[in-house]
Amino acid sequence: MKHGESTFEDFLTESYARLRELPPVPIDAAWDRVISRLDNELDSASGNLQVWVDAPCPTVTISGRWPALVTLAAVVLCAIGVSLLPSRFSSELSKKGSGGLYQASPQQFDVASRWMLTRQPPLAVVESKDGGLDRVSVGEVLNVDAGIEANQRIKTHSEGGTVLRLSDGSKIEMRSNSELSLERADDGVRIYFTRGEVIVNAGKQRNGHLYVQTKDLSVSVVGTVFLVKAGQQGSRVAVIEGEVHVIKGATTERLFPGEQVATSSLMPARPVIEEVSWSRHAKQHIAMLQQTAIPPVTTAGGLLDRFEVASIRLGDEQRSPGLRPGDPVRVRPCPGGNPFEMTQLFQLNPGRLVMRRLPVYYLIGLAYGNSCPASGTLTGGPEWTRTSRYDLEATIPAGTPKYTKEQLLSGNAPQLQRMLQNLLADRFKLVLKREVKETQGYDLVIAQAGKLKLSADQTTDQVPVDQGGRGAIAISYLSAPIARLARHLQELSGRPVVDKTGLSGLYDFRLEFPEIAYPTPQPAGAPRSEIQPGDNMSWVDQIDQKVRDLLPRKLEATTGLRLEEANVPVEVLVIVSVERPSSN
Amino acid sequence: MFDMAVADAPDSALQREVEQLFRDNYQMLFRTAYSILRNREDAEDVPQAIFLKLLRTGVSPDVGKNASGYLYRAVVNQSLSILRSRKRQPATNSAELLNAPVHADESSTNERRHQRLYEAMGGLAPEAVHILLLRYVHNYSDAQIAKLLGTSRGAVALRLYRSRARLRKHMQSLEKDNETR
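Protein chains in written order, with this note's numbering: chain B, 1 to 584; chain A, 1 to 181.
Some clues are possibly wrong.
Stated by the list, open to error - Here are a few chain A residues that sit away from chain B, every Cβ distance over 12 Å (derived from the structure):
#	residue
1	Ala13
2	Glu19
3	Leu55
4	Pro61
5	Asp62
6	Gln144
7	Gly154
8	Arg159
9	Thr180
Claimed, not checked - Computed from the model, here is a short list of chain B residues facing chain A with C-beta under 8 Å:
#	residue
10	Glu9
11	Ser15
12	Val25
13	Ile27
14	Arg33
15	Val34
16	Asp134
17	Val136
18	Glu140
19	Val144
20	Arg175
21	Arg254
22	Phe256
23	Leu492
24	Leu551
25	Arg553
Derived from the structure by calculation, the hints contain no laboratory data. Glycine is no exception: its CB is placed at the ideal position from the N, C-alpha and C atoms.
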């Protein structure tokens, strides 16, 4: 063997070595999937016979004594059958002219011929598309009007989305890089959604349901508009109009417009108005959300989600660290000062929620899914909503889903949030309205690819930790999604940050600020350090300011990501009216 | 007078036979599809679709003689067909590539070469891919390859040499194309 050949063989051996190390795949689950796909096909075939009893051109087997007559009858029936194509297909076929079948496009003919050959009507047709769309298993490119049958996985490409229309009139808008298949359920259609984002505009279901299934949750609807996101880390559902039931394991949650829920903290919430911005119908969706009356929302039977017992009173400011009686209290930006990160001020146990010395401003943010409102995203209301601090102690009724603190902070605790919303409406007489406005913020983009390294652990997320301790500041991200970094950057900068990196894995990185030192007690006569407690601006604020100044440069050098100034659409909650609560 | 031909459930003997084939071959077939497609979901889908077809149509006697060889060839051919349809896409899904496992110590040059290998493999004839994957992904000996593909050891050695040469040439031409861009 020649030297070059030997080197090339070494390269091949080495190159494929990684594949030889692939862990085995769970074989039972894979076989179950094959059987499930087969069952779905059989179900749909037998269900088909009842519904499509006049199906044209059935496969026929001839029995009896008069085969020639029977054959002739079959041909006649087949010809009649073409004219009896189900209305949605015959209307599709005749839409472009009076000639019906002969005027149909090749794609429309494909829909009809597939239907006749398989005796199964496609579950959906491609209504429109902005980019490529593939039938994955066979690598076939789908065009407008192509039919999509049960159990066929389809995928949009990176350059644009597509809209599918189901037979009941429901529409599925798929974002770019999204993947799904359709299956027949016992009482409707199931969208098995594996990756990306979709907005489902569910038509009124006469007898059944439309289901959306991801790997870790199921959504059932009877007529509504909602968004579903699915990725490696989990799934998120957000409601634009109507009501949605979300089943996660053994629990079912009801969601209303503007509300959302995720299966993992790796998918931090963004306001629904921002989540739908990619849709070609974003304006209509936003208009629907703006029409929504905010509080109070009712649950089954018209009952309100309420705390069992709730006490609200003015907080004891004497106990506030670093405050003297009479000191003005002001709302600081969240960095280092997000009040919910201080355990002595915020406790959430399965039956109890305690928050101390908290301005109503933050309480509103928490109730509406934004625990640290970026500048300008919660406006209006008198000054006391930002300066007067309240203590809240509430008993959570039995049967409420057990939310974690992280879920509540990231806007993923819908029932608990509704209890807070109703408490604010009852005790503070709070009235809010929702608006969308463009504000100065940042797009988080990739400036230099390849600097970020995927974490070895792609399963768990850890909250960013300020690991600087005394003498230095450093924030470590371990197995963190980029969405978490974006949220943290939003807290640090006080401006909305939109993640436009398209990165979906978990990453390890560390932002270090050796230039900034925590103030440490200095011996008498020692030179005064730059930041000292007791300066006009508090030392915590001074550190925050320095972090903000250094952040863009540190971020790009460490991660290759850049914050670019941009006007971004944000959801703004406007306080229309609010009153001081009476003591209870 | 008409009996509508409804798709029947496979009989239990057929289902047992196909399940046994599935259990014997699925790991190898998944790895094969993954080595071509580099996407876990697609790699799971390809062999599953082939077994689904077997459940629908039954295992013909020709298939039964060398079922592993038939399944392996079917998976390679189907995966190549998907890979080629992907090439018609105007843009690459960068997010997916970024999420592919990358060893921290790998240089970008090496990574580019691996990427070129992946592209070049998609441009080879299926017969060349059959033999190359068996040797380098599955680490099969000449004798094992000959048994699976139903040929002689001598033919395997010759085809392996030619396939490797074609792959190398194809990679070089891709590199040249890239340099001239």
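- prompt: Checking against the hints above, which ones are violated?
  reply: Violated hints: 2, 3, 19, 20, 21, 22, 23, 24, 25; rest satisfied.
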